[in-house]
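Listed below, chain by chain, are the residues.
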Amino acid sequence: MTQETQVIRQIVEGDIESFRLIVERYERPIARMIRNIINNRESYEDIAQDVFFAAYRKLASFDPARSNFSTWLFTIARNKSINALRKKRPLSMSELPQNSDRHNPSDELAERDFFDKLDAGLEALPSAQKRAFVLAEFEELSYEDIAQIEGIRIGTVKSRINRAKKELAKALKEIRYEK
Amino acid sequence: MKSEEIYNAWKERKSQIDIRENFSDELMNQIYRYESEKRKPLFNGLRLIELISAHRFVKAAVVTAGAVTGFVRIMFVVYAFLAC
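Top to bottom, those sequences are chains H and C. So for the first sequence, our numbering puts the first residue at 13; every next one is plus one. So for the second sequence, our numbering puts the first residue at -6; every next one is plus one.
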């Protein structure tokens, strides 16, 4: 039995405070995944709290024989992110990221401009591609884990990630072209 | 900057995350509140009153049940009076 499974058993048996160990271990990856998927700097922490609260309530139903705890937790986070995206109002033109001054020679501004383009490229990806890309690139999860989280085949995960990378490479090429 | 360098720098930036300091405290408080609510008995007098006053339909059902009971009771009295 892994240490994590043991902690989970303690929590299910009534040791509520042990859940703090789980929260402290996963708060950053879960919050980061949500922020990178929903692209909302205000609410990702609240959604992450919802994820942990839902995980706590469902903890007794977690079956270590079926999946890793992290995969199970990321699946809850994935579902909450999808719900948040459905509720999210579209950005108005004034809220969209603005291009920085192209005439400014400062490297820092140019770098910010690159990042804005890549952010916009990521934001423009279809939701399923974006999730697969975020889980693979920023959370560094295996294709198997992503397939389990998304409930799809490994081949589909690979093709979603490849398509996402191609789109972002296109955004990068446009930057080079504009410069 | 080369494309790969830009991409890696962007990835590095996207991998950074700020979490408020009291994140886990807030969550644990929420969980403790949830547990204490769960452990409350489902029906004691005060909880029943709370339940009735919080839901429009429950309130209407209680008033209707009271009115029906009162009406039946009056009918019994009238019936007993007439039977004498």
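Treat the hints as calculated values from the structure; they're not laboratory data. Among the clues, some could well be false.
Restricting the straight-line Cα-Cα distance to at most 27 angstroms, the calculated cross-link-like pairs of lysine-lysine (DSS-like) are [claimed, not checked]: (1) K178/H <-> K7/C; (2) K177/H <-> K4/C; (3) K52/C <-> K177/H; (4) K(-5)/C <-> K7/C; (5) K182/H <-> K31/C; (6) K170/H <-> K129/H; (7) K33/C <-> K70/H; (8) K185/H <-> K99/H; (9) K33/C <-> K129/H; (10) K170/H <-> K4/C; (11) K178/H <-> K4/C; (12) K170/H <-> K7/C; (13) K31/C <-> K185/H; (14) K(-5)/C <-> K177/H; (15) K99/H <-> K129/H; (16) K185/H <-> K33/C; (17) K129/H <-> K31/C; (18) K129/H <-> K70/H; (19) K99/H <-> K(-5)/C; (20) K33/C <-> K7/C; (21) K92/H <-> K170/H; (22) K52/C <-> K178/H; (23) K4/C <-> K92/H; (24) K33/C <-> K182/H; (25) K92/H <-> K(-5)/C; (26) K92/H <-> K52/C; (27) K92/H <-> K177/H; (28) K52/C <-> K170/H; (29) K92/H <-> K70/H; (30) K185/H <-> K7/C; (31) K182/H <-> K170/H; (32) K4/C <-> K31/C; (33) K129/H <-> K182/H; (34) K129/H <-> K177/H; (35) K70/H <-> K31/C; (36) K52/C <-> K129/H; (37) K185/H <-> K170/H; (38) K182/H <-> K52/C; (39) K99/H <-> K70/H.
In this text the structure is predicted, and so the values were computed from the model without any measurement.
The hints, checked one at a time:
no.: 1; hint: K178/H <-> K7/C; in the structure: holds, 18 angstroms
no.: 2; hint: K177/H <-> K4/C; in the structure: holds, 12 angstroms
no.: 3; hint: K52/C <-> K177/H; in the structure: violated, 58 angstroms
no.: 4; hint: K(-5)/C <-> K7/C; in the structure: holds, 18 angstroms
no.: 5; hint: K182/H <-> K31/C; in the structure: violated, 53 angstroms
no.: 6; hint: K170/H <-> K129/H; in the structure: holds, 24 angstroms
no.: 7; hint: K33/C <-> K70/H; in the structure: holds, 20 angstroms
no.: 8; hint: K185/H <-> K99/H; in the structure: violated, 33 angstroms
no.: 9; hint: K33/C <-> K129/H; in the structure: violated, 53 angstroms
no.: 10; hint: K170/H <-> K4/C; in the structure: holds, 19 angstroms
no.: 11; hint: K178/H <-> K4/C; in the structure: holds, 15 angstroms
no.: 12; hint: K170/H <-> K7/C; in the structure: holds, 21 angstroms
no.: 13; hint: K31/C <-> K185/H; in the structure: violated, 56 angstroms
no.: 14; hint: K(-5)/C <-> K177/H; in the structure: holds, 16 angstroms
no.: 15; hint: K99/H <-> K129/H; in the structure: holds, 25 angstroms
no.: 16; hint: K185/H <-> K33/C; in the structure: violated, 61 angstroms
no.: 17; hint: K129/H <-> K31/C; in the structure: violated, 49 angstroms
no.: 18; hint: K129/H <-> K70/H; in the structure: violated, 39 angstroms
no.: 19; hint: K99/H <-> K(-5)/C; in the structure: violated, 38 angstroms
no.: 20; hint: K33/C <-> K7/C; in the structure: violated, 44 angstroms
no.: 21; hint: K92/H <-> K170/H; in the structure: holds, 23 angstroms
no.: 22; hint: K52/C <-> K178/H; in the structure: violated, 60 angstroms
no.: 23; hint: K4/C <-> K92/H; in the structure: holds, 23 angstroms
no.: 24; hint: K33/C <-> K182/H; in the structure: violated, 58 angstroms
no.: 25; hint: K92/H <-> K(-5)/C; in the structure: violated, 36 angstroms
no.: 26; hint: K92/H <-> K52/C; in the structure: violated, 35 angstroms
no.: 27; hint: K92/H <-> K177/H; in the structure: holds, 24 angstroms
no.: 28; hint: K52/C <-> K170/H; in the structure: violated, 56 angstroms
no.: 29; hint: K92/H <-> K70/H; in the structure: holds, 14 angstroms
no.: 30; hint: K185/H <-> K7/C; in the structure: holds, 20 angstroms
no.: 31; hint: K182/H <-> K170/H; in the structure: holds, 18 angstroms
no.: 32; hint: K4/C <-> K31/C; in the structure: violated, 43 angstroms
no.: 33; hint: K129/H <-> K182/H; in the structure: holds, 10 angstroms
no.: 34; hint: K129/H <-> K177/H; in the structure: holds, 14 angstroms
no.: 35; hint: K70/H <-> K31/C; in the structure: holds, 14 angstroms
no.: 36; hint: K52/C <-> K129/H; in the structure: violated, 57 angstroms
no.: 37; hint: K185/H <-> K170/H; in the structure: holds, 22 angstroms
no.: 38; hint: K182/H <-> K52/C; in the structure: violated, 62 angstroms
no.: 39; hint: K99/H <-> K70/H; in the structure: holds, 23 angstroms
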